[in-house]
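A.B. asks: In order, the protein sequences belong to chains V and U.
Going by full-length UniProt numbering, the first sequence opens with residue 1, and the numbers climb by one from there.
Going by full-length UniProt numbering, the second sequence opens with residue 1, and the numbers climb by one from there.
Just so you know, these hints were derived from the structure itself, not from any lab.
Treat the hints with caution; some may be incorrect.
A pair holds if it fits inside one copy or across any two, identical chains being indistinguishable in the list.
Said to hold, decoys possible - Each computed DSSO-like pair below joins lysine-lysine, with the alpha-carbon atoms no more than 30 Å apart:
hint, residue 1, residue 2
1, 99, 191
2, 49, 208
3, 231, 99
4, 49, 191
5, 191, 172
6, 231, 172
7, 191, 231
8, 78, 191
9, 231, 208
10, 89, 76
11, 231, 89
Being a predicted model, the structure only gives us computed values, none of them experimental.
Number of protein chains: 2
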Amino acid sequence: MIRRGFQAVIRLGHHRVLPGAPHILPRLNRTSAFGSSTDSLVSRFCLEKTDLKDYALPNASWCPDMLNLYQEFLEKTKTDGWIKLPSFKSNRDHIQGLKLPFGLAATSDKSDWRIFTRCLQVEGQGYEYVIFFHPSRKKSICLFQPGPYLEGAPGFAHGGSLAAMMDETFSKTAYLAGEGLFTLSLNIRFKNLIPVGSLAVLNVDVEKIEDQKLYMSCIAQSRDQQRVYAKSSGVFLQLQLEEELSQ
Amino acid sequence: MIRRGFQAVIRLGHHRVLPGAPHILPRLNRTSAFGSSTDSLVSRFCLEKTDLKDYALPNASWCPDMLNLYQEFLEKTKTDGWIKLPSFKSNRDHIQGLKLPFGLAATSDKSDWRIFTRCLQVEGQGYEYVIFFHPSRKKSICLFQPGPYLEGAPGFAHGGSLAAMMDETFSKTAYLAGEGLFTLSLNIRFKNLIPVGSLAVLNVDVEKIEDQKLYMSCIAQSRDQQRVYAKSSGVFLQLQLEEELSQ
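With these hints in hand, go ahead and build the complete structure from the sequences.
C.D. replies: Here it is as structure tokens:
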């Protein structure tokens with residue numbers, strides 16, 4: 001059921017963005033293929049009142065670059081339309097009251113879950129990140145500081161940890177910008193290694209929404225933009241989350 | 001220094017493998033561009049005696065599919081030339097006595113490091129995996145079981161966790177097959193979600209070694225090969241690790 005459902009949806013289209021291919025930036029609608037506006041998705045996502053812990057808040061492990069840029073973007077939430085996204089322990093918390101479409105349901109009975117990018121709980125040890133989203137510009141900024149448990153080559157972040165951070169930033173952006181739910185493809189070109197404990201700034205843009213797919217690009221670089229760490233593109237499939245029936 | 005060194009090396013070549021492009025499988029040499037044979041790389045990598053903990057051994061969290069296939073490949077290590085790779089806490093343990101070339105050295109003084117794919121220590125919670133490598137066929141098999149802390153969509157592994165697992169399997173294969181050290185590109189097409197706690201089998205092949213680059217492909221699927229989870233390609237840059245000078 002799971003397989004048939006997801007594959008059938010993917011078969012709807014076969015276009016894929018190729019690395020290096022020219023991007024087209026059409027006028028983006030604020031409404032997705034399914035009719036939910038970005039504003040309503042954002043307001044459901046950014047709960048005004050919740051007891052859930054938000055992991056996207058400064059802590060003692062954040063380097064000065066990360067703290068400064070966080071404050072800078074926090075100011076922009078007041079004046080320039082940026083929104084700071086909360087980051088809970090699990091995606092289950094982000095989609096409360098909703099469930100995945102097409103019978104895609106968890107079969108395991110384990111009760112302790114974590115979203116991969118919040119899998120480590122000691123501050124500074126693993127992923128430290130915060131995502132800011134701009135609804136009308138359909139873009140995101142992710143401030144990412146890899147910890148020593150994300151190592152690949154000695155002293156540097158594992159390429160896979162950056163790949164996962166890009167996928168996660170694409171994922172949240174795709175969902176809020178147009179109900180993009182599933183990664184169809186992810187293409188990354190690595191340029192430089194990220195030193196553990198330093199800041200990488202990920203700039204994500206939604207390039208176009210077409211045939212139920214969102215095409216996005218990302219550049220990860222140092223704060224001063226003098227060092228590019230990697231460039232990537234990602235394609236996400238639009239699918240509407242279903243309302244859960246109350247028992 | 002770091003940036004100049006790595007970028008300068010990357011500038012040696014600009015070819016990139018494109019997803020969907022035809023792969024060419026030439027006769028592969030057992031010797032890399034630098035003269036180290038696969039056999040000598042493997043024997044240095046697979047330490048006969050060590051006190052280091054090998055994380056690529058069965059534990060109580062492994063599902064029956066994973067245990068069975070592990071035993072199957074362990075038999076093949078006796079008869080068919082496969083080698084089970086050890087998996088230590090950090091890449092620092094894997095390259096003892098060696099250091100990265102071109103001044104790529106750790107600048108942080110943190111002493112507790114972990115390779116990203118061994119960042120979680122509770123059995124079954126995060127990455128469970130073991131890699132088998134076949135030196136003369138230049139291919140690898142990775143048995144991968146994602147735990148509940150690797151979640152993306154509720155009940156399924158995060159796409160980024162599979163991306164990282166692919167990158168890590170490419171990485172070890174590239175190093176042993178021809179001193180491939182750094183990921184230049186990683187292109188993934190996702191087909192189906194991997195249920196948490198189940199087995200995904202990653203088949204990695206070195207397609208060609210050319211211009212100091214290794215071109216690899218991977219298919220991740222269920223044990224019965226009836227469900228493809230993702231296909232990917234990766235390009236790694238050949239660089240020789242340097243002998244450390246004794247103090």
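A.B. asks: Does each hint hold? Answer for all of them.
C.D. replies: Comparing the hints with the structure gives:
In this assembly of identical chains, residue 99 and residue 191 lie within 30 Å of each other by CA distance solely across copies; the values are 20 Å between and 38 Å within a copy. In this assembly of identical chains, the alpha carbons of residue 49 and residue 208 never lie at most 30 Å apart, being 33 Å within a copy and 55 Å across copies at closest. In the homo-oligomer, the alpha carbons of residue 231 and residue 99 lie at most 30 Å apart only across protomers (27 Å), although the nearest pairing inside one protomer, at 32 Å, exceeds that limit. Taking the shortest Cα distances, residue 49 and residue 191 never come within 30 Å of each other, neither inside one copy (41 Å) nor across copies (37 Å).
Taking identical chains as interchangeable, the C-alpha atoms of residue 191 and residue 172 lie at most 30 Å apart whether they share a chain (24 Å) or sit on different chains (20 Å). Taking the shortest Cα distances, residue 231 and residue 172 sit within 30 Å of each other both inside one copy (18 Å) and across copies (23 Å). In this homomeric assembly, residue 191 and residue 231 come within 30 Å of each other (Cα to Cα) both inside a single copy, at 8 Å, and across copies, at 23 Å. Proximity of residue 78 and residue 191 under a CA criterion of 30 Å is satisfied in neither setting, with 34 Å inside one chain copy and 40 Å between copies.
Taking the shortest alpha-carbon separations for residue 231 and residue 208, both the intra-copy value of 17 Å and the inter-copy value of 24 Å come in at or below 30 Å. In this assembly of identical chains, the alpha carbons of residue 89 and residue 76 lie at most 30 Å apart only when taken from the same copy (26 Å versus 41 Å across copies). For a Cα distance limit of 30 Å, the shortest separation of residue 231 from residue 89 qualifies both inside one copy, at 27 Å, and across copies, at 29 Å.
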